[in-house]
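Chemist: So you can see what is in the structure, the chains are spelled out below.
Protein chains: 2
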Amino acid sequence: MQKFLGALLICTAIIPLQAQQVLSPDKNISLTFAILENGVPSYKVSYKQKDVIKSSALGLETKDVPSFLVGFSVKDVKQSSVDNTWSPIYGEQKSIRNQYNELVVTLEQKALKGRFIKIHFRVFNDGVGFRYEFPKQDELKYFIIKEEKTEFNLAGDHKIFWIPGDYDTNEYAYTTSKISEIPSLMAQATIPVHAQSPIASPSVQTPSMMKSADGLYINIHEAALINYPAMALNVDAVNYKMSAHLCPDGVGNKGYMQTDAVTPWRTVIVSDKAADILTSKTILNLNEPTAYEDVSWIKPVKYVGVWWEYFVTGKSTWAYSNENNVRIGQDFSLLKPSGHHGATTENVKKYIDFASSNGFDAVLVEGWNVGWEDWFGNWKEEVFDFVTPYPDFDAKGLQQYAAAKGVKIIMHHETSGSATNYERRLDKAFQFMADHGYNAAKTGYVGKIIPRGEHHDSQWMVNHYIHVAKTAAAYKIMINSHEAVRPTGLCRTYPNWFAQESARGTEFEAMGGLAPEHTTILPFTRMMGGPMDYTPGIFQTDLSAYGRGDRVKTTLVKQLAYYVTMYSPLQMAADLPENYNRFPDAFQFIKDVAIDWDETYILEAEPGDYITTARKAKGKEAWFVGGVTDENSRTANINFSFLPATKKYVATVYADAKDASWNLKPQAYTVTKLIVTNKSILKQFVAPGGGVAISVKEATTDEIKKLKKL
Amino acid sequence: MQKFLGALLICTAIIPLQAQQVLSPDKNISLTFAILENGVPSYKVSYKQKDVIKSSALGLETKDVPSFLVGFSVKDVKQSSVDNTWSPIYGEQKSIRNQYNELVVTLEQKALKGRFIKIHFRVFNDGVGFRYEFPKQDELKYFIIKEEKTEFNLAGDHKIFWIPGDYDTNEYAYTTSKISEIPSLMAQATIPVHAQSPIASPSVQTPSMMKSADGLYINIHEAALINYPAMALNVDAVNYKMSAHLCPDGVGNKGYMQTDAVTPWRTVIVSDKAADILTSKTILNLNEPTAYEDVSWIKPVKYVGVWWEYFVTGKSTWAYSNENNVRIGQDFSLLKPSGHHGATTENVKKYIDFASSNGFDAVLVEGWNVGWEDWFGNWKEEVFDFVTPYPDFDAKGLQQYAAAKGVKIIMHHETSGSATNYERRLDKAFQFMADHGYNAAKTGYVGKIIPRGEHHDSQWMVNHYIHVAKTAAAYKIMINSHEAVRPTGLCRTYPNWFAQESARGTEFEAMGGLAPEHTTILPFTRMMGGPMDYTPGIFQTDLSAYGRGDRVKTTLVKQLAYYVTMYSPLQMAADLPENYNRFPDAFQFIKDVAIDWDETYILEAEPGDYITTARKAKGKEAWFVGGVTDENSRTANINFSFLPATKKYVATVYADAKDASWNLKPQAYTVTKLIVTNKSILKQFVAPGGGVAISVKEATTDEIKKLKKL
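Protein chains in written order, with UniProt numbering: chain F, 1 to 710; chain V, 1 to 710.
Watch out, some of these pointers could steer you wrong.
If chains are identical, the list can't say which one is meant, so a pair holds when it fits in one copy or spans any two.
The calculated lysine-lysine pairs, modelled on DSBU-like cross-linking and capped at a C-alpha distance of 30 angstroms, are [unchecked claim]:
{"#": "1", "residue 1": "141", "residue 2": "336"}
{"#": "2", "residue 1": "336", "residue 2": "118"}
{"#": "3", "residue 1": "620", "residue 2": "665"}
{"#": "4", "residue 1": "48", "residue 2": "78"}
Everything labelled a hint here was simulated from the structure, so no lab data went into it.
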């Protein structure tokens, strides 16, 4: 590497602008920009002298103007340094340091009347971000992108945690393999998912998590995906080279650009410690500060919902009747009720009572509005109107009932993928919410997208989600989107878009299952982009209780651990109230656990194997620890050094019993109180598919006397 | 024919339901339905024993369910007769008789669990309409149409007045040829038009006007185009067979259907008199009565506008500045004004003054709102926001100025084809209009459609236009759509959608020109579907007055005649005020002419050659006559027998001077007053490219004394 840099320096003596190097503030990461033969821009990245991204081309292929691929020369370079700190509205830590060295290269294509672009590189201690900028200029106003040609030329046949590249879904199970194995594993990895559009050539979704043979953890994703299609990665499994693959629209175009324009940031997070990947704030730092003046109404939410019963009990349904050919606008009270409708006034009241008794903020109600009888699979545009309750759902009465008990109802806006219909009705839908006291909506995009030909990940839909978030903000409504494009840190800019699904979540425990390792991978992949509404908290994991053959592949305690390991400002207790009532001691953890944090500590982590995380509650002297493992039991190493030095604390440890496991005794657990200090280290057994959850608070004198010291 | 029917009767003795005949009330038209070999449904139509449509297949090809093409047998038939009369809100006559014999055939496909459809045939005295119905049934809920396979098997190589089949535009010049000549003439007929998508195989748009060698006038179109793509006609030029060609969406599908569903009516208007084609009300009769309870706010409008100056003077522009890379949301007051902006407060006041002085209802203002700097050609989604005036347009002040003078301003909503952007902003746009006292909007769809992949004529856009009309109705706003799908009589159901362009209108006189025959064809083609905003009234036809090389290819008088020959409840006086001020005697006709009618009389007509029309003003003892010719001079035969018998009338005759012609002396005209009665016949010279216009009112005793009698 030093040799290469030497050569580069000689080179720059002749064409001084054509190659540029920028180091991270801690000097561990080096990014080098260079113009290759034919005027192709390129970059490479190393970490502690190890290649992360080998020389890789940059550029875009266009349709209607000459491409941004060759013939470039450097017109100008600027380097600068930034070091500041900002406070997120909610998050894993109360303040975030934004420290990087920046290189902005202005590149001109002299043969094209000096047409120019800029590439911005930001080098943080834990990774790099770069983006293309197309400044306003006489010779460049509008253009259509055929493909972005950004390459990520990896240094070896890394281990990779991946799901298939797809224009419409991220709801695949993860495959762990070598890069070289991806093509041969693609068919089996491409399991059936509704409305899927797998990319024809071998490719993977981002965030793409890799581990090199020499111990580097590398994560490739993007930040600030605005007015641009989402990026998957083409996989050249022979040369270990990845390259951008943008999601097309219905006519095959990939982006409609007007100068001044920028692409999203392409991010490469790298470290020799897996924990650094999880604590990286580079993606958030690359997003713009919030676009809203008033954010006082944006609050984290812990909730229950009329939801899991639809998946497991077989007794309740979203739909009101068994009819399967309905239209909004018809009188649904004339339909014969099936007797199985879940979102009845009575049932919702039960959940409101439960939420109120147990300190939850809100109750999600799915199936409240007309149209569920034939909502899916017909590429139908006007499935829902978002304002008409079923005859047995008393919107006004429930509003009053919930308000009297200090509980909010969370609106559900399933679009069935029909974004045009939703946009057309958006203001009326949000006005209905405002009129009825709702302040958060779960949106859904299950199905093929309308406008037909667009995809969940295409530029038009990317703009749609943001349009929904911004419109919601005008009504002070928070949005939790399901089946939308994977997040890219936009919760910083549009903080009311506070959670997303965009991955295989808990619902799949009842629709084919999730591997025990799944949740040791998600924080390294999907969750790099932003909070996930994973909907944890399933206590009745053996679904044979409902007469089903399958089971949730975790212990009960692992479900508790998720509230800490899977960060989100929106956390559900997804199981049925009656199941929580059967395990009040374990349920206490869900009631206690914070959903907003001052500090986060990744105590140990290895993608695909385990994660143990500790967090300090926002503004409180309370800490919570969560640890999860894959299908293998292990001993978690929980070092309490994150606690303040002077005091003694009570740790309430929710642990798998010795004989527990996800498939045999998932509900075998212990709850133990111990006195700990910041010198304590807990070696904690974790069962196969199990976890550990700990709440920590200052000990009383009485507790210090009575409780065992760790 | 009798022989055939005899054979049919024998046939029906064996399979009695498999063939059915229905006659028009006057028995001139016969429609026969029959099941052909393989269970293919078919129909044929004759007029006074002459074949109009020879045996032609019916059916639809589908994608996801078995097609509706073969294997049909007749399950049930119903015949009935209807004869009633209704009053349109506005129109060519105060009451319309709806008289037809109906045949409804229920067809089942026994091999498909008895799946069934219905075909409705209505036989009027002047033509037939038929449509497919897909009733609700267990085995048929949703389906996607690949193509409608309705055939129109013509009896000969008719003369046809046609424009190329196209998914996005009707703004072609007409070609007159034999059917057999269509393929060889297609290339030259497909002249450049913005955002055109000519159909690859030989095809023509509807309304398609034909004349047979044996003297039949035949018009094929459709009625009540709702939730379905528009139909063009494939042309088999060897067998003179036409067949439906529906407009596809971005993924190639042609229609998304949910039972109970109907297609639009397919219409065949036929007569041995050309005038009967023009007076046919079959298309209106096939549309549903108005969907609105209150229609009191829907009124015909005669207007002027800041419009023609954009096309001819070279001095004013829609755009405020010469910048050509702007975005809504930016501060347009920071742009450098070009000094040529047309929609300035001052200029609009000039038009308001003119409108007020001359009895016009309204002033159209184009170019009032930000975004025109780069509005076209970039497939850009957010071109306009419809609520932000340019800095030099005082929306509030002009509202007050116009209101004080009893004049309305007509809003302009150019969408640039970006229907998604318009829908998203529709309520705010109409609210802005309501807040500022506007009650009519001219909408525009110049450009490639967004949702990208959709077309002006595809099902999604068909629904869009209706969505706009219905939403506008909620704000009591009338809509005049330009570049939308061609009309199909929906002005009956949605009467606030009171005019459309959807053809090559006056603007093309300044963009390549219109042949003198153009307006002798339009009433037989485009205008069969509904009123056209043709924007007549150009007095300064020689555009060299503006330093241009081209000219409007009519005499001045022909422009007057258009107010009668081209029916619309929305009529513009399109020329500049100063041109009207130069010809006050001729302008008097435009000021006088009615725009709503009790009765209409087609005095003589031949498509491509001439039309002479008389109409009685709505609720008034006032008549207006308009006559137009093509490039040939002629003598119009104006029989005043439409006048009441007992009285004497003054006819003010606006006539081409003897030496007038469109290309030499277009402004040479005479204005003569004559006494006429219902026995009078005027043989009136009409110049090449010329016309005649007459206003008729009861004569005073003084006038009877002084004026010459015809």
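Chemist: So which hints don't hold here, by number, going up?
Modeler: The structure conflicts with hint 3 only, although it agrees with all the remaining ones.
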